[in-house]
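Sequential numbering from 0 applies to the sequence shown in numbering that gives the first Met the number 0.
In case anyone wonders, no lab produced these hints; they're calculated from the structure.
Hints may be right or wrong, so weigh each one.
[Stated by the list, open to error] Taking lysine to any residue and the SDA-like style, the derived pairs with C-alpha atoms no more than 25 Å apart in a straight line are: (1) 140 with 169; (2) 17 with 29; (3) 140 with 95; (4) 9 with 149.
If you're wondering where the values come from, they're calculated on a predicted model, not measured in any experiment.
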Amino acid sequence: MVSRIDEIDKRILYYLAKDARNTAAPEIADEMEVTPATIRNRIRQLEEEGVLRGYLADIDYKSIEGHVTYQFSCTAPIPERDRLAQAALEVSGVVTVRELMTGNANLAITAVGSDTNDIGRIAGELSDIGLDIEDESVIEKEYHRPYDPFGPEDAPKGPSLTDFMGLAGGAEVVEFTVSEGAEVAGLTIEEAVDEGLLADEMLVVGVERDGDVITPKGETVIEAGDVISLFSKTGLEKDALEVFGTR
């Protein structure tokens, strides 16, 4: 299943990829101007949807005396690729298996051995399960960084759109965070409509607050920090969301 994520989810993934151990929900919440509960709820959703699959330690095995990390480029028959990838993971010493969309060298296998004899043993077991080893080499160093497009940008402070979707007929659905001091903050949806802050063609279809999803009604109070999903029958003008403190 392909998951749709918004700017809040992207920022969560960025910081977890950067340093999961030292990433705290309140820090992300402060940057995105939502509550820590909203961030924790989003993390749980990302885990349930399989987007966030785990929190792996970055271990330098080479720094452990005698250990060496090897990269094996192996070929598996296409119909057997998935099965053999799982079988390779069962070989003692194999730590990572990647399936590649290619004919030859379609499995990239990373293994750690206590010495060269151990690496030879791993290579033999990979061959025994039916893999052809095309190439092998020692991994000297490996570098990681989070996916930059999910990270913060040099932009003026203040809430901005976290998601946007264009619909047939010119309709739009936008998602954004209500800013502190916004005109609508503290008003009910009905009051916002009566005061002309919400146009007739606009409909609040979702409110996320402190990690909980609220079904919006006329008496629902809009609060600063709420993540609002807004449906508009027509395309929104540039300043249409200024009452929410959104640029």
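Checklist entry - Has the given pair, residue 140 with residue 169, been kept, meaning a C-alpha gap of at most 25 Å? => result violated, 51 Å
Checklist entry - Within a Cα-Cα threshold of 25 Å, do residue 140 and residue 95 meet the stated pairing? => result holds, 16 Å
Next on the checklist: Checking one constraint from the list: CA of residue 9 to CA of residue 149, max 25 Å. Satisfied?
Outcome noted: holds, 5 Å
Next on the checklist: Check the hint pairing residue 17 with residue 29 against an upper bound of 25 Å on the C-alpha distance.
Outcome noted: Answer holds: residue 17 to residue 29 is near 17 Å, not above 25 Å.
In this structure, only the earlier hint numbered 1 is contradicted, and the remaining ones agree with it.
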